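From first to last, the protein sequence lines stand for chains H and Z.
Just so we're aligned, residue 227 is where the first sequence starts under my numbering, counting upward by one.
Just so we're aligned, residue 108 is where the second sequence starts under my numbering, counting upward by one.
The hints are simulated quantities; they were obtained by calculation from the structure and are not laboratory data.
A hint or two may mislead.
Label pairs and their computed distance ranges (CB to CB) [to be verified]:
(1) Z:187 / H:277: 18 to 28 angstroms
(2) Z:151 / H:287: 48 to 58 angstroms
(3) H:320 / Z:192: 33 to 43 angstroms
(4) Z:192 / H:700: 48 to 58 angstroms
(5) Z:123 / H:271: 56 to 66 angstroms
What you are looking at is a predicted structure, and each value in this text was computed from that prediction instead of being measured.
For every residue, glycine included, the Cβ atom is placed at its ideal position computed from N, Cα and C.
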Amino acid sequence: MRTLSRVSTRLRNVATLRRGDARLREEMESHIAMQTEENIRVGMSADEARRQARLKFGAVETIREAYHVEEGLPLIEDLLHDLRHSVRALRKSPAFTSVAVVTLALGIGSSAAIFCLMDALWLHPMHVPHPDRVVRIFGTTKQDQEGEFSYPEYKAMAQRMTAFKGPNAGVVAIGGRGSLMPRPDGTAELLLTNVVSDNFFTALGVRPLLGRTFTAQDAERLRTHPAVVLGYSCWKRDFGGDPKIVGRSMTLLRGKDHRYQVDVWGVLPSSFRDTNPDSDRDIWMPTQDWSFMGRGGELSYRWFNLLGRLAPHATVRQAREQAAAVASALAIAEPAANRGRGARVASDFSYRKSNAGTTGLVLFVIAAGVVLLAFVNVAHLLFSRALNRSSEMSLRLSLGATRWIIARQLLLENFLIVALSLVLGLGFAVGLAAVLPRLLVLQPAMLESRTSGLNLHVDFRVFLFASALAFISTLFLAVIPLSRAARPELLTMLPAGSTTHTAARASRLRRAAIWLQIGISFALLVSTASLVQSFVNARTRPIGLTRKQLLIAFTQDPGTPLRNDVIANLRALPGVQSVAYAIRAPLMPSEGGIATKVIFPGQPELQNPVAIKYNAVSPSFLNVTGTRIVRGRGFTAADDLNGPPVVIVSQAMVRKYWPGQNPIGHSVLLPDFDNVMRRGTPLEARIIGVAENAPVNQIGEISEPYMYLPFHLSQMGEVTFVVGTQLNAMSIARDAREALIHVNPLLDPMLLTSLPELIRFSAGDYQMMAELATALGLIGLVLTVIGLYGFLAFLVTQRQREIGIRMALGASREATVNLIARDVVRIAVIGLAIGLVLALAGARLEVAVLFDVRPLDALSLSSALAILASAVLVAAWLPARRAAAVEPMEALRAE
Amino acid sequence: MVPNSMKTKKDVQPGTLALMVLKTLDVLGSLHGYGIARRIEQISGDALFVNQGTLYPVLLRLEQEGAIASEWGPSENNRRARFYRLTRAGYKLLETEKRDWEQTAAIIARFFEVKAEDLA
């Protein structure tokens, strides 16, 4: 208690800068006066009495020191004193301070913004309590490590996995679907729907904003009384944020004949929009609703993602073992459906991390390169400053400052610089966070674009990240005041600039740093050039799809006669050149392609049916979308119900199943399709053509085997019209929608966009990488130019005397410039060699994210070289001119 | 920074001086710095203090600890002086310090009484 009260009083004293100095002085004066009077009383003369009194009292200054030590906290006071000194020292050289602070802030700010983006896109945990206890369960096959489950499989998993048994634990299923909600004008709006197991919200711990969520206890009631929970955006958009929505009912459609009333039980908070960070779903319903609406049959397909919250003492490892056991039990029970299928459990965080994948890693490495460049630059600056100040330091040393005091003060200066750049860098990051989402292509433009769910916040995590960077840089920069090179020697109180031993050592170290800087910068430029090329290629190279204007409208299939009406209406629109249709258009964000089972009769080694993705298309579809037939023929109007069943296969399919052969004339069996001729036997389709590979889900994907069937075989009940237009396809979007609605309000498209938009969206990652890499590469280049300039200027200053002597001995100004140029070339060549090694390492990483560019290709290398060479020239220009302008007499006299 | 040597260079052991101050205030009640110094000198014989000034840091510390309180007041010859008095916590502190001191003194005394043959 006593110490506590003492410390608190002292802290108060330090904080309020309160001093008892006046009080002490008065007390001392009165003490000495009283003693003097006493002395006079015993017979001393007045002078002697005062002298003796003072002697007896002791050294006033020493007592005051001791008094102040008692009064305040000396360590903190010293620190404050040093801090004031450091601020003064930094303010005395504003150029140094601002360059150092801005440089570091650029490094910290840009990487904090990148971190912010990566965090928002991939790493941010779900907004539920204890997200670290949430895991993901995947079905696995040889090809797919992140597969979905059917609802019965989910049930089996949930029942048998004890690692998820407990009051606040459990396995949940969630599958993405679409629902249609009628609008007053007879059209319908597509609501992005999550069909979830009834325990979803309670097991994950999602609490509603309004009303309540459904729970496992409601299971029975939900069978007869369907319920939904609204997502925040949907509630705001479609219900105007009505606070009394809970308890009301809404209508959902199936086809044009079925209407269902479902009760709104609650509204979710804006912090929970989906289980994936950049997704935002409209309504959430239990699987019971799906059955209630007559779609229960779909539950046996595999479209559910499984998540789980572990029971309090369970581990991921236990869950992993149990999931594998259940999967193998299922495989034994039903070998036909489950052979070769396993299950895998991963923590939600590791799932998110793997989503960030190579894209995130490449971005991160580039950002790290920029940070390193910034560090090295500031280190250069500090070195120069330390050398320039060595006489000041020597003076202070000789006046009795200890080395520790000097080092402490330099450390404090560094700390101040880092702290300032942290503040500035965070400000920079906040600015970037506001701009970045606008640079990203988060969705294709649609008729009614929804606002994207991605908002970048510079939050606590980003702050922590930036602070960690700042901390690392403090440690890194601390080396300089503590290193020998910057330590002043008491005896070398010579003017700075002479070639002393320490200076020579410093310049060797700095030379190495410059090599590294040029190296990093070159590697950054090479990868930037590759990424930019990759983006340009993704937007221009042939990809098996046309780059012409094509409107895309995804809607319900109204059947042949109405479909023909639609086509007629669309053709009548101004500027329309062609109309075709298929189940889906390529690159549609449709959560995976459609697949069907295929049997290869001619190939006995393929005993089991293989699932192959396909599209069912109108005769002119491939022609309109620009996918070329490379062999055989395309579909014609004669390939309809009356003709023999035919199929077109992709080059990738040929390569896999008929390598080196001509597949035309061969047949495949399609057991999922009805054989109109002989019911109950698989449809036999003859291969009539081979199409070039075209992307299905994503530009740059690895081409999988793919098939095209005539549209009349489709049983999906969905159709996508593709409309070739002369002008921008989106300009007729509104008219196209009217044309569809005019035939039937329910044909209001669920997706209305254009192929160029889909391509742009699909190339969004390439665009993001190219933009970010360019920005970071430029920052890196600027930092390198500053660093190189600083180093060369320092070098010229150091060699001034040597240059002076050379000139005095008759060397021309050109020879002097050559002298510097030789040095620059030597530095640049070594730097480039280092850069080549770094670029080589980077290329191994980058190869996965490039589109149609070989890493380290000639164009990237040569453009990086050209840019860096001109940057080096710029950096060397001024110092070389300064060297040439050296006046021999002045240089010699300067010593 | 104050070199360490200055802090330890005290005329009397720091704890002892504090105890003397407390006891003095206990016996005489409210008293100013000079009075305390004089009183300590009188009792201990003039030999104890080399520098009376060292009293003031001790007074400050005791005040910060809450053992004594102080206020301005007129001295005997109408000079403004700071008067110190014991607080309730100060009395308690004096009690415990006194006990500790007596214990220590008793133990030390016993050590001096011991002769070689006693330990045999």
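Verification of the supplied hints:
About 24 angstroms separates the C-beta atoms of residue 187 of chain Z and residue 277 of chain H, a value consistent with the hinted range of 18 to 28 angstroms. Under the hint 48 to 58 angstroms, the C-beta atoms of residue 151 of chain Z and residue 287 of chain H, about 26 angstroms apart, miss the expected range. Range check, residue 320 of chain H to residue 192 of chain Z: about 56 angstroms between beta-carbon atoms, so the 33 to 43 angstroms window is missed. Checking the proposed 48 to 58 angstroms range against residue 192 of chain Z and residue 700 of chain H shows it holds: the Cβ atoms sit about 50 angstroms from each other.
Range check, residue 123 of chain Z to residue 271 of chain H: about 35 angstroms between beta-carbon atoms, so the 56 to 66 angstroms window is missed.
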